[in-house]
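Given these sequences and hints, build the entire structure.
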Amino acid sequence: MTKDDIQQENHPNNEKRETSSTHQDEANPANPFQSQILEELKNAQEEVKNYKEQLLRIAAEMENLRKRTEKEKEESNKFAVTKFAKDMIDVAENLRLALASVTDEHLQNEIVKAIYSGVEMTNKSLLTVFNKHHISTIVPQKGDEFDHNLHQAVAQHPDEEVESGKISQLLQSGYMLHDRLIKPAIVITAQ
657 MTKDDIQQEN HPNNEKRETS STHQDEANPA NPFQSQILEE LKNAQEEVKN YKEQLLRIAA
717 EMENLRKRTE KEKEESNKFA VTKFAKDMID VAENLRLALA SVTDEHLQNE IVKAIYSGVE
777 MTNKSLLTVF NKHHISTIVP QKGDEFDHNL HQAVAQHPDE EVESGKISQL LQSGYMLHDR
837 LIKPAIVITA Q
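Using the numbering used here, you'd call the opening residue of the sequence shown number 657 and step up by one each time.
Note that these hints are calculated values from the structure, not bench results. Every residue gets a Cβ at the ideal spot worked out from N, C-alpha and C, and that includes glycine. Hints are supplied without guarantee of correctness; some may be wrong.
[Stated by the list, open to error] Calculated pairs, EDC-like style, for lysine to aspartate or glutamate (alpha carbon to alpha carbon, straight line, at most 20 Å):
#1 788 / 746
#2 788 / 731
#3 742 / 835
#4 788 / 743
#5 788 / 776
#6 839 / 801
#7 788 / 835
#8 798 / 749
#9 798 / 819
#10 780 / 749
#11 839 / 800
#12 729 / 835
#13 780 / 743
#14 822 / 800
#15 708 / 696
#16 739 / 835
#17 788 / 749
#18 822 / 803
#19 739 / 728
#20 839 / 746
#21 705 / 695
#22 739 / 749
#23 839 / 743
#24 727 / 835
#25 727 / 717
#26 780 / 746
#27 742 / 731
#28 798 / 817
#29 729 / 717
#30 734 / 835
#31 708 / 719
#32 839 / 803
#33 698 / 709
[Said to hold, decoys possible] Beta-carbon label-pair distances, calculated as ranges:
#34 804 / 735: 18 to 24 Å
#35 738 / 813: 31 to 37 Å
#36 813 / 735: 31 to 37 Å
#37 722 / 759: 58 to 64 Å
#38 799 / 720: 44 to 50 Å
#39 785 / 722: 30 to 36 Å
#40 716 / 694: 30 to 36 Å
Below, the structure is given as structure tokens:
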């Protein structure tokens, strides 16, 4: 290599030519390969965006499903004893009727008094178990407002002591499990 060749290679104009041609390629995306890659990149980014949106929707649906399933499970557990409670309500009503049928005159007899006391203790024990399992008794009093959500009227009769449409007499207590009615109170309303 001669001295002139080396000078020509190191000449500042040669560097400018190389640099300017490189800048032209970057500034001018006329290169078809480069524009194709940019288009594919844009499409891929759009796909990623769509997949992210789908993933967020699916995650939200899964969370809603989890919450709904948990709520249904809680409801199922909460009201699992409904059928048993309905069966036990009949027992409670029989005990209530047995206690109500005993008069003061009957209680003069020591044997009746002892039996009455045993039935009363059994009734209290049953009501304690009901309370423990969130079974509450609906016992409307004479003169209370009739509530079709809690009471079932089986008859109407004239009653001077009570306004028309209000409860005149309780025939059977009603029962609720948590906030759900199991059995309405059976009543007679005043005419």
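Hint by hint, which ones does the structure fall short of?
none
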